[in-house]
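The lines below spell out each chain.
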Amino acid sequence: MKDINLFKSNDEITWCPGCGNFGILNAIKKTLVKLDKQPNEILLVSGIGQAAKLPHYINCNCFNGLHGRALPVAAAAKIANRKLTVIVTTGDGDCYGEGGNHFIHNIRRNVDITVIVHNNQIYGLTKGQASPTTDIGYITKVQTQGVVIEPFHSLAVAIVLGCGFVARGYSGNSDELSELILAGINHKGLSLIEVLQPCISFNKKNTHQWYSERIYKLAEDSQYDTSDKFLAIKRAIEWDGRIPTGIFYKKEDKTYEDNINLNSRPALVETQMDVSNISKNLLDSLSLD
Amino acid sequence: MGDMAMNTEFSIKIAGEAGQGMQTIGLVLAKACRDAGFYIFANMDYMSRIRGGNNFFQLRISHKPIFTLRQNADIIIALDKASVDLYKYNLTQEGILIFDKDEFKIERSEGNFFHAPFYKIAKDINGTDLYINSVACGLIAGFIRLKFDYIENVLKNTFHKKSGDIIIENIRAARLGHDYAVENFKGNIFSLTCPGKRKEIILNGNEAIALGALSAQCQFYSAYPMTPSTSIMDTMAHYSEIFSIVVEQAEDEIAAVNMAIGASFAGVRAMTATSGGGFALMVEGLSLAAMTETPIVIVDAQRPAPATGFPTRTEQADLEFILHAGHGEFARAIYSPGTIEQCFYLAMKAFNLAEKFQIPVLILTDQHLADSYRNIPILDSRKIPIARHIISREDSINIAGYKRYQLTETGISPRAIPSWISDVIYVDSDEHNEAGHITEDAQMRIKMVNKRFHKKMNLLSEEVEPPYIENLDNASTVIIGFGSTYGVMKELAQMDKKIGFIHLSQVWPLPLKELNSLSFEGKHVLTVENNASAQLAKLLKRETKIKIDDSILRYDGRPIDIDYLIEQIKERSR
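Sequence order for the protein chains is A and B.
Its first residue numbered 1, the first sequence is counted upward by one per residue in my numbering.
Its first residue numbered 1001, the second sequence is counted upward by one per residue in my numbering.
Careful: at least some of the hints might be erroneous.
[Unchecked claim] To give a feel for the contact side, a few chain A residues facing chain B, derived at Cβ under 8 angstroms:
(1) Pro39
(2) Asn40
(3) Ala76
(4) Ile79
[To be verified] DSS-like mimics (lysine-lysine), calculated; alpha carbons at most 30 angstroms apart, straight line:
(5) B:Lys1403 x A:Lys34
(6) A:Lys37 x A:Lys234
(7) A:Lys141 x A:Lys188
(8) B:Lys1120 x B:Lys1186
(9) B:Lys1123 x B:Lys1161
(10) B:Lys1541 x B:Lys1088
(11) B:Lys1570 x B:Lys1541
(12) B:Lys1156 x B:Lys1197
(13) B:Lys1101 x B:Lys1088
(14) B:Lys1156 x B:Lys1186
(15) B:Lys1498 x B:Lys1538
(16) B:Lys1081 x B:Lys1105
(17) B:Lys1403 x A:Lys83
(18) B:Lys1403 x A:Lys30
(19) B:Lys1162 x B:Lys1147
(20) A:Lys251 x A:Lys229
(21) A:Lys83 x B:Lys1356
(22) A:Lys8 x B:Lys1403
(23) B:Lys1403 x A:Lys37
(24) A:Lys188 x A:Lys8
(25) A:Lys8 x B:Lys1447
(26) A:Lys2 x B:Lys1570
(27) B:Lys1186 x B:Lys1162
(28) A:Lys204 x A:Lys217
Everything labelled a hint here was simulated from the structure, so no lab data went into it.
Where is the CB? At the ideal position from N, CA and C, for every residue including glycine.
Taking the hints into account, I'd like the entire structure generated from these sequences.
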């Protein structure tokens, strides 16, 4: 196994001390060590938010783009160079709010990337407004009467859209989380791993203690079948009393790369196009078709 | 036939409902004329609907090179009743309107009206209206005494993927139309002398841009369909299997531009195209490309706006928008091709420029250029050699301590490709230091702004497309335009040597050295623009020493044709 220091970045970490993000960072590093990859073969893509800072804290390629837009960048980078291991680190606001359309359509597109959504159910970077996953009734500086709109049921939505790997981890259990991320990376196609994470500064409801009282592992139920879509949806919307973690749904399907025959040839970035046959005939055939 | 020249050219209009196949047979006719040795200019005028309404295909044929459209037509063929009333006033003095009085139940058939029973001819073939367009194509060919062989050859090529019966029946329909015209129309006023055969192709602006991108080895194209840019995507997709490139229809324009950026970051040349509304969605991505210094090519095929505007019509009103689009200050280059050839070669250059300076390069066209067809010499993809300006694979090995945004004398940092380089690459949309990590440092901010903006703009201004200048010395009036107005200005300058003209195929940065060295003393200087606020005039006033006296504008959604331009200039000289 590789040394975890291979992935150590010297960039200063700017998260609040005690932030749930540290557990996620730790889990990702632990996972990367287990991969048969060098740092230059891994690309972390992020948008904006506290989660989006994470790629700077790991020694591998990083593209930190616009708020909500990590998925299109990541999918296209993977299409251009299928040999890269592409991981998105995003948050509940970034992925489900600003980037909601890309969340929907990249699940449909099914490019072989891994999406890790840090879900702290609040906007941290802008200081405490509701996010798409904030519980109903939670009072913020903006939602002064409490949140009145239904939370976004991300995992259920992903399962309905046909996502082939849907899992949930908890930042307080980085061993389980690391296993989930590893399984997600090894899954062919888009894998979604949502991570429950306390925000110690702005989310006074969904605290470490709150989670500890509710979380249970799906894997503890030996009857649980990760190929049963309807059961997966049922568990994915389970929230108030008990909150499951683990792999909800898993199905191997053809990836985008399979469907457009990218996997049967060298990576696009390593291909020289033969444009010598843009001949008169080809040109002229255009307006004729 | 035209007002200006007898029997050297004429214009044809094929009008009817959407779905009657005007574009298909219009192009057949255009190619047949090209094969016979004529010069052509053609364009489809269409409404934003798939069936019904009224559309027309315009074809101008000449014995010398032509670059634009005429207002009126010498031959109009009305495929439906509505077209008769809509276009009967668009005839030239000796022009003829061909219609089917039996089908349309219109009695008038003397004078400029010529009855041809094309519905009956079509029905006799298979009992339906299916072959009306081919009959019409043959009729026109007969009118202009074009040898039927030319039509037959093009029809064979056009329908080569269809069944043998369909090809045979289309040819039969066209031949019946052709023979009817030859037998019943005895005047020879539409005969043209042929300038002689040349090996040429027919393309429109969008196809030329796509072929330029392909020749530049653009391997990734992502876009959301939007008229009038969509045929760029169609053309890229048409060739995607042949050249093993990826063409992806994105979920929206935001995704389209971000995907192109992602692919470019990973090391392949990438492009997207849209129209004004879609470009509005892309501007944050434009700013991202600039901040991350990721090369990208974006085409804005303009249409009249605001908002949804006139989806299928033309305008040049995005100039000021595209000059300033994107939050913050950064370097960009904007090409504004005026011809089909420029669409091709500037698309090729755009990729080189984008990679050389690690910037977004924009190509500003409009519906008129995008959808207009011209015959052109065969394009030479080797004319613009590909220059990637990246650290090669071999040179990437064993690089340590790589800094993506290394500060250099020129402002350009060596660009490495992820996974080729043994080190890692950090790229950020936040302000960053040389290593690409987020910074709040004031001095670093200044250095990075100078790098992305001042230094790159200085270098870019050394590589500007020179203006095209004609007739300037002897001119009493000088007209200046950008983009698609090249054609109409060129024709006017050819006709009238007292008109000088300047065309800008790059609007940012402007070719300041050339423009400021010109003398306009004693000349009336006008801009010619397809917009309402004289945006080019404002740009020239702001950036150059040129004194603009007036502007000829058109903003009814239609292109500036030669007759409109002549009339506008006449009005001003009174």
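To see whether the hints hold, each was checked on the structure:
no.	hint	verdict
1	Pro39	holds, 5 angstroms
2	Asn40	holds, 5 angstroms
3	Ala76	holds, 3 angstroms
4	Ile79	holds, 6 angstroms
5	B:Lys1403 x A:Lys34	holds, 27 angstroms
6	A:Lys37 x A:Lys234	violated, 36 angstroms
7	A:Lys141 x A:Lys188	violated, 42 angstroms
8	B:Lys1120 x B:Lys1186	holds, 21 angstroms
9	B:Lys1123 x B:Lys1161	holds, 24 angstroms
10	B:Lys1541 x B:Lys1088	violated, 43 angstroms
11	B:Lys1570 x B:Lys1541	holds, 24 angstroms
12	B:Lys1156 x B:Lys1197	holds, 20 angstroms
13	B:Lys1101 x B:Lys1088	holds, 14 angstroms
14	B:Lys1156 x B:Lys1186	holds, 28 angstroms
15	B:Lys1498 x B:Lys1538	holds, 25 angstroms
16	B:Lys1081 x B:Lys1105	holds, 8 angstroms
17	B:Lys1403 x A:Lys83	holds, 23 angstroms
18	B:Lys1403 x A:Lys30	holds, 26 angstroms
19	B:Lys1162 x B:Lys1147	holds, 24 angstroms
20	A:Lys251 x A:Lys229	holds, 9 angstroms
21	A:Lys83 x B:Lys1356	holds, 26 angstroms
22	A:Lys8 x B:Lys1403	holds, 17 angstroms
23	B:Lys1403 x A:Lys37	holds, 22 angstroms
24	A:Lys188 x A:Lys8	holds, 27 angstroms
25	A:Lys8 x B:Lys1447	holds, 28 angstroms
26	A:Lys2 x B:Lys1570	violated, 80 angstroms
27	B:Lys1186 x B:Lys1162	violated, 35 angstroms
28	A:Lys204 x A:Lys217	holds, 24 angstroms
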